[in-house]
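Enquirer: Based on the hints, put chain B in the right spot on chain A.
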Amino acid sequence: MSRRASTLFWQVAFGVGALATWQWGWDLHDKVPWLVPDIFDPYFVSRPSDIFQLFLRMSCLVSKDDAWTPGTTGAFAACMGRSENNLWIATYFTLKNTLCGFAVGVSSGFALGLLLGRSDRLSEIFYPYITAFNSVPRIALAPIIILAFGIGDASKVVTAVLVVVFLVFFNTFEGARSVDRDHINAARLLGASEWQVTRTVIMPSTMAWLFASLSPAISFSLIGVIVGEFIGAEHGIGRMIIEAEARGEAAGMMVSVFVLMIVGVILSAIVSRIQGYLLRWRPARGQTL
Amino acid sequence: MPSTPPEASARCRIDVKGIRKTFFAQDGGERREVVAVDDASFRIGDGEFVALLGPSGCGKSTILNMVATLIAPNGGAIEVDGAPVIPGRPTRHVGYVFQKDTLFPWRTVEDNIGYALELAGVPVAERRTRVAEAIHAAGLDGFARFYPSALSGGMRQRVSLMRTLITQPEILLMDEPFGALDTHTKLEMHSVLLGLWERTRQTVLFVTHDLGEALTLADRVLLLSARPGRVKDDFRIDFPRPRNAVALRETRQYAELFQRIWHSLGEEFAKGHVP
Chain A
90 MSRRASTLFW
100 QVAFGVGALA
110 TWQWGWDLHD
120 KVPWLVPDIF
130 DPYFVSRPSD
140 IFQLFLRMSC
150 LVSKDDAWTP
160 GTTGAFAACM
170 GRSENNLWIA
180 TYFTLKNTLC
190 GFAVGVSSGF
200 ALGLLLGRSD
210 RLSEIFYPYI
220 TAFNSVPRIA
230 LAPIIILAFG
240 IGDASKVVTA
250 VLVVVFLVFF
260 NTFEGARSVD
270 RDHINAARLL
280 GASEWQVTRT
290 VIMPSTMAWL
300 FASLSPAISF
310 SLIGVIVGEF
320 IGAEHGIGRM
330 IIEAEARGEA
340 AGMMVSVFVL
350 MIVGVILSAI
360 VSRIQGYLLR
370 WRPARGQTL
Chain B
-17 MPSTPPEASA
-7 RCRIDVKGIR
3 KTFFAQDGGE
13 RREVVAVDDA
23 SFRIGDGEFV
33 ALLGPSGCGK
43 STILNMVATL
53 IAPNGGAIEV
63 DGAPVIPGRP
73 TRHVGYVFQK
83 DTLFPWRTVE
93 DNIGYALELA
103 GVPVAERRTR
113 VAEAIHAAGL
123 DGFARFYPSA
133 LSGGMRQRVS
143 LMRTLITQPE
153 ILLMDEPFGA
163 LDTHTKLEMH
173 SVLLGLWERT
183 RQTVLFVTHD
193 LGEALTLADR
203 VLLLSARPGR
213 VKDDFRIDFP
223 RPRNAVALRE
233 TRQYAELFQR
243 IWHSLGEEFA
253 KGHVP
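Same order as they appear, the protein sequences are chains A and B. Numbering-wise (the working numbering), the first sequence opens with residue 90 and increments by one. Numbering-wise (the working numbering), the second sequence opens with residue -17 and increments by one.
Just so you know, the hints here were simulated from the structure itself, not pulled from any lab data. No incorrect hints appear here.
Chain A side only, calculated, beta carbon under 10 Å to chain B, not exhaustive: (1) D269; (2) S282; (3) R369; (4) P372.
It should be emphasised that the depicted structure is a prediction, and the values quoted were computed from it without experimental measurement. Cβ atoms here follow ideal geometry from the backbone N, Cα and C, with glycine treated the same way.
The shape of chain A in the complex, shown without the other chains:
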């Protein structure tokens, strides 16, 4: 068996084993208590079968009486019309706010980092404030933001922006300070004006640092939105988790966590693809002629 095939085999084996233990392990709790500790009580963690069943219902794939909606005319649309416990609507709001927070956070962090990174005077003045503010865990500000911006989408976006902006700012700042002096000199000697130096040398070389921060930034943005939704929201996956917790419904929380996992994986994959394309000029090992 090739190394790849063997890796794949063990990955599948581990996954199936873990799921099987999760599904049936608790049944053996009285006979082999060491296999499944008490905290794996289905009351807390539910079971894969229950989670899957609830997932189908929350995503409107089966109706309340467990009949498949794709077979019944209008059933899917009717289910989608209800916003309560609707995964699609919740995911839409969470995703929308995450992307908004990401976009605003990244662009303002980049602009700020570029400005302070290229101006010794400004960075001298503001640096202590920025470092002080940076040491505040941004999540701690979430309740204040909900209070100020209400329980609508704005507060989620602002929370995400605050989480993202510092990450991007510090990366851009470092990047803007470490632009190669010789690149700037070369551009000047080739006739570049100050603005042209900024546009054609400082921005592109700082971009490399910015792109490196995009992957963590999208994850951070999602965290910001979810925390905001925990504290107070009208829609969103975070709100669904809190509601399921209030009902003591483990499967409900697990469905939401599962959806978040999928959303997180897809977002990171998209961002790394974009990152790879934008940084295609970087030396890849072993490619030099």
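Expert: Same frame as chain A, now just chain B:
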């Protein structure tokens, strides 16, 4: 060989008059003023290829960078085409080739070469034609869309050279452009440069610590003394052109001239090593 008066050449393009440069260096606990260049003077006529030769640390790159307006002298004056140069304000028609690789890694070969034309707002169609010509002239056909990271050191330096030459500078300043290349690639680059230059005949000031390189390329070799650098000797190199970078090295005249300058250079190298 006694120096030939530079006035013998045509119009004077670069006139360096008694320039001086000092900088501060940390010597143990105290800051000490070091004189890098002291009272260096020389003139370069139109269309001359002049090599500035000296041991490392003699201030030859410092002199070049002062001519290029990259650093300001502490004394003396530099005139290009009769007008004093202003530090920080690159002079028109003057091109500069770095020793270090300063290609923009995020631009492809063609975008690096076309950079200056892009800055000057040259229309895309014209830009494309001129870039294609430059790529062909440098023997880089087929590499237009490559990023610098995928090229060898010699190819990168060719791109650098074309990035500067495409602006058609009348004066070309070169700071040990082939210093980081291996012997073989270096010889190849000499052929490329000779081939390009013998057609256009810009005025060139070429910094090097490699005597063979200076003899191969230049019409005149200015020998700098050990630090503080000043012009110690001025040799005229009368090998006929067009030159063959490889065959030239086999000739007797080359060997003789090499011997003579080598001796003079050796004295300066020895001084440079005295603590």
